[in-house]
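Engineer: Protein chains in written order, with this note's numbering: chain A, -10 to 250; chain B, -10 to 250; chain C, -10 to 250; chain D, -10 to 250; chain E, 118 to 186; chain F, 118 to 186; chain G, 118 to 186; chain H, 118 to 186.
Honestly, the hints are just simulated from the structure, not real lab data.
Wrong hints could be hidden among the right ones.
Across the chosen pairs, the derived CB separations fall in these ranges [what the hints assert, rightly or not]:
{"hint": "1", "chain 1": "B", "residue 1": "G232", "chain 2": "A", "residue 2": "Y71", "range": "30 to 38 Å"}
{"hint": "2", "chain 1": "H", "residue 1": "S164", "chain 2": "B", "residue 2": "N43", "range": "40 to 48 Å"}
{"hint": "3", "chain 1": "F", "residue 1": "N157", "chain 2": "D", "residue 2": "K18", "range": "37 to 45 Å"}
Don't be surprised by glycine CBs; every beta carbon is placed ideally from N, CA and C.
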Amino acid sequence: MKSIEEGDFFEIAGRRFRSRLLVGTGKYKDFDETARAIEASGAEIVTVAVRRVNLSDPVQPMLTDFVDPKKYTYLPNTAGCYTADDAVRTLRLAREAGGWKLVKLEVLGDQKTLYPDVVETLKASEALIKDGFDVMVYTSDDPIIANALEEIGCCAIMPLAAPIGSGLGIQNPVNIRLIVEQSNVPVLVDAGVGTASDASIAMELGCDGVLMNTAIAAAKDPVAMARAMRLAVEAGRLAYMAGRMPRKLYADPSSPVGGLI
Amino acid sequence: MKSIEEGDFFEIAGRRFRSRLLVGTGKYKDFDETARAIEASGAEIVTVAVRRVNLSDPVQPMLTDFVDPKKYTYLPNTAGCYTADDAVRTLRLAREAGGWKLVKLEVLGDQKTLYPDVVETLKASEALIKDGFDVMVYTSDDPIIANALEEIGCCAIMPLAAPIGSGLGIQNPVNIRLIVEQSNVPVLVDAGVGTASDASIAMELGCDGVLMNTAIAAAKDPVAMARAMRLAVEAGRLAYMAGRMPRKLYADPSSPVGGLI
Amino acid sequence: MKSIEEGDFFEIAGRRFRSRLLVGTGKYKDFDETARAIEASGAEIVTVAVRRVNLSDPVQPMLTDFVDPKKYTYLPNTAGCYTADDAVRTLRLAREAGGWKLVKLEVLGDQKTLYPDVVETLKASEALIKDGFDVMVYTSDDPIIANALEEIGCCAIMPLAAPIGSGLGIQNPVNIRLIVEQSNVPVLVDAGVGTASDASIAMELGCDGVLMNTAIAAAKDPVAMARAMRLAVEAGRLAYMAGRMPRKLYADPSSPVGGLI
Amino acid sequence: MKSIEEGDFFEIAGRRFRSRLLVGTGKYKDFDETARAIEASGAEIVTVAVRRVNLSDPVQPMLTDFVDPKKYTYLPNTAGCYTADDAVRTLRLAREAGGWKLVKLEVLGDQKTLYPDVVETLKASEALIKDGFDVMVYTSDDPIIANALEEIGCCAIMPLAAPIGSGLGIQNPVNIRLIVEQSNVPVLVDAGVGTASDASIAMELGCDGVLMNTAIAAAKDPVAMARAMRLAVEAGRLAYMAGRMPRKLYADPSSPVGGLI
Amino acid sequence: MQSMQVTVNGESRVLTGALTLEDLLRDFGVDQRKVAVERNLEIVPKSTFGTVMIEDGDRLEVVHFIGGG
Amino acid sequence: MQSMQVTVNGESRVLTGALTLEDLLRDFGVDQRKVAVERNLEIVPKSTFGTVMIEDGDRLEVVHFIGGG
Amino acid sequence: MQSMQVTVNGESRVLTGALTLEDLLRDFGVDQRKVAVERNLEIVPKSTFGTVMIEDGDRLEVVHFIGGG
Amino acid sequence: MQSMQVTVNGESRVLTGALTLEDLLRDFGVDQRKVAVERNLEIVPKSTFGTVMIEDGDRLEVVHFIGGG
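Just chain A, same shape as in the assembly (with noise of 0.2 Å):
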């Protein structure tokens, strides 16, 4: 079984990763932070926020200068779109902006649960995806629209675990593990991770990667939350590969009853 060092990589549109942690820029303390947990999480890909320049301080330090865009994919995201149109036309942005067309798509339903609007992400996708985006889509645990995005054409499909920013972790494990049988296209748990467990649980179920933001930078000490992910999204991908054993009710003795004195 090939493993990270032989070269177990996932494909999003093509392209091949390494690392199945993929991180938001948001939420840190300051820049400095943001860029000293980003390189702990060994992640390739990293989500970006397209807001309006603050032209009053046009020359206030930049994302782009502590987090390099060709050091890391930089995965823009339409946090804060709440129809398919806005979140179109910030993609558009952000395509030439930064010149690539692998975005995230997240088109919210309301402000108290943050959970994603599948109608308008259904539109939005179809849209983006005859613009010719790659569109990796935050979505519902719901494997009937997750199947929907996928026969639209969405390279990635991203269930929620739970609500963004909650920390709940993993709240539905049989819907996710649904979402993994019927996919062919990658499939990440994004929002709602709180701790490595729950990333370790992601890959467990078979998720292909994990993308979170608030669980490293709410952490006490985000640099060090950012190395346990890692880890984490390593370990649950190789315990997946390894085949876990089977659960039972009573015990089972580890060492041999025979030749007891």
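With chain A's structure known, arrange chains B, C, D, E, F, G and H on it following the hints.
Structural biologist: Here is chains B, C, D, E, F, G and H on its own, set in the frame of chain A:
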């Protein structure tokens, strides 16, 4: 915060160990697989059983030929002992055979559950400690018993996550946390871990380490699972030291709301 | 606080119901068992399917001979419909056959998961409500979709606990609570309840009722399970209204400490 | 299958009881609320504490004036006792005061967890049984200890669900089921139940009954919660006797597929 | 007397002579109070069972309630 | 009439004159049917309340049932 | 020299003289390599920053990447 | 030369002639460095393998380490 590289270690009976994963040497297909899995696990301490030499075939290959006692700290166990006396006899033999006094005491209550008999365990602990042993004691997740074992002088408390060989993971996180909080000696979860995330959860509860055998040996690919467990224990430890984010019932946006087009 | 005896009821489309347990009439051994189980459940609303009459044997016993539509409110469902059009056709026939306009809409996505197709469900809801139906809609536990269905005019939102016939109980309590908190129409958990405690948990989350079929029909003794479910729904409702005690990490003595000898 | 009406009872020390809910009489606002809650719970057995009479105000209202010992079986407990001797002294006084020999033995280990001290509990059980008491023993969820207590002659084994007053519900269903399967005397979950579904879960695991105090007394409306618990215990018992449906990973349609238009 | 070819519940049948939907149902032994009928994708109100004439090529669905989740 | 020094429920008290346990309880206004008494770590059977004489230095515990978990 | 009234990032501004988008960005001190511009809901290709003339009433959005989840 | 009857690892064996524990182990082909021996419930220090004489009726346990959880 010190991390693995910078020497995050833990101490048992005055000896320092870097790896917080302790692995059993039972249930593998053969000695070769045992050696490769132990090697991949990064474990420094391995548990071994004490059994009669097979006199009809005394020169059959032996564990020590594959898992070098000079490289790994052998931790003789008392698996298969159901009384304090048996346990003490066995460990005296082990001490004579191996020359060390660091041992794993496990006095079991019955065949089906392999649950520890805490009364006999208390008795055996007392006898062994009087006899100069450093006792790492396998026990239930009863915080009163755990405390009593510590007061008797055990050098490490090893509550079970779930029955030996059940692979059910930590059944009672509340009790494990109570034991961790009250103990001044290392606390290691022993028995019942089934996959990587179980190991991380144990470390995220504040345990100093995890001891397992079946989860690695009974995986379809034990060597890969051994590496998964190595990473999982480190990931859980780091996540614990990093201080996880708070759990929230509602969402919390990871991208700034301001500056939206 | 009003309790069952003092008339704790809930309202669907202007009609009051005392029992918060709604039961399906499928999967029973025979019509006799169906009748006895429904009777034991105390349900006032029963779901029924709409199927072609078997013309080669038109006078075989019929559900209506055993479960009297005058005693129970028949709630025709659209089980087996995979598009909005099929659902609307089926319910128009049902309305003509039964003369009522209170219906259960379920438009499924696929055979394996029987997960609702929320897009088709939204479409069908709109068409049915325009056509004067009172729509109790089976949906996923997506709070955005649940909200959209309420805004379209559905008279009750019925999120699934877990896939139909899986008996896995509520997989995502977080989402069920979000839906309960945001809804101004009754919220009933439908599908996936497996045993009494599952039903109580649904009510303890604030649901107005529970709809189930397999959990009763597939029990070894359906009539006993029907009575268990009746009690469980009432128990959960009462516990919810009573306001449960706070969860505490440490203990709190139930007997006064003072006055000890 | 016999149900409550047709005489489903359980036997403790030769005496038959219909209600499987046993309730504590501590923590209520006042005696009046205690009486109403006990009455609503349908309990036949109530636990009481043994304390010094307040000689400066000997005629203050007494529990017995509100909860009539002729109507309810008083079960004196040894709450607050930390040694076997204290427990025996207390229960001898109780026997003299009440004239009964059915008692609840609880010997606690420490203030913070109120976890039972199983070693002292074993000792006290032996002494009490020799002295003619019928001992219902509060213990941990350790199946070996539970078995030992049964062999000593305890007439009922009462493992905790979670720490007293924590309201956390059953933390270790695996162990509770092991204890139920091995025991030939009634097994009652005692301590840690927080809401109705917790009580049902205990009964669904095969327990003969549930003993609680805080979950009722600390609810916002104790009388309503008492009724909820009564129904929940009956519901759980019935569900257990009815034989729940099997859990399935995938869906299983509740309506026949055939005969679709 | 011409014969008519109709489809009832997915099965094609040959009918002879003019007959109302009510006649058809009676011939099939179906209790018209407990069924609903769709004729060429149109619901046939129960009140008109006696007046609606079956025509060649009609596609009829005769349904009733059965047990369902 | 000598006075006696006894401890009742942990509090030391001075009593005068010979009195039975029953007298003592009555003086305290305690309903003897609802209590149990331990005297110098020995249970005093209710039937003997009337005959047991309080002696100097006695350690008495007078208990009853109160609400408990 | 007429003055123009445009909206840039939601704020209305008065500009004087003819200027290209490149001039405007330079005036604002913005590094044009790190931004993208939308003019009246149309994306302005970076290659044309130097040739696109700002016109009265233009609605401009000048965006860049910041940290986000 | 008298013969001795001993039990080794639970099996009774007949041995002839005087022999030390070291001899016995060598006869069995056992590598004495990797084993521990208990004689009549007493641990035999490795250093004394060469001097301890096997006696009639001895109960010997010869153990070593094997894989275990």
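Engineer: Each hint should be assessed against the structure and marked as holding or not.
Structural biologist: Comparing the hints with the structure gives:
Checking the proposed 30 to 38 Å range against G232(B) and Y71(A) shows it holds: the Cβ atoms sit about 33 Å from each other. Judged by the Cβ atoms, the range 40 to 48 Å given for S164(H) and N43(B) is violated: they are separated by roughly 25 Å. About 38 Å separates the C-beta atoms of N157(F) and K18(D), a value consistent with the hinted range of 37 to 45 Å.
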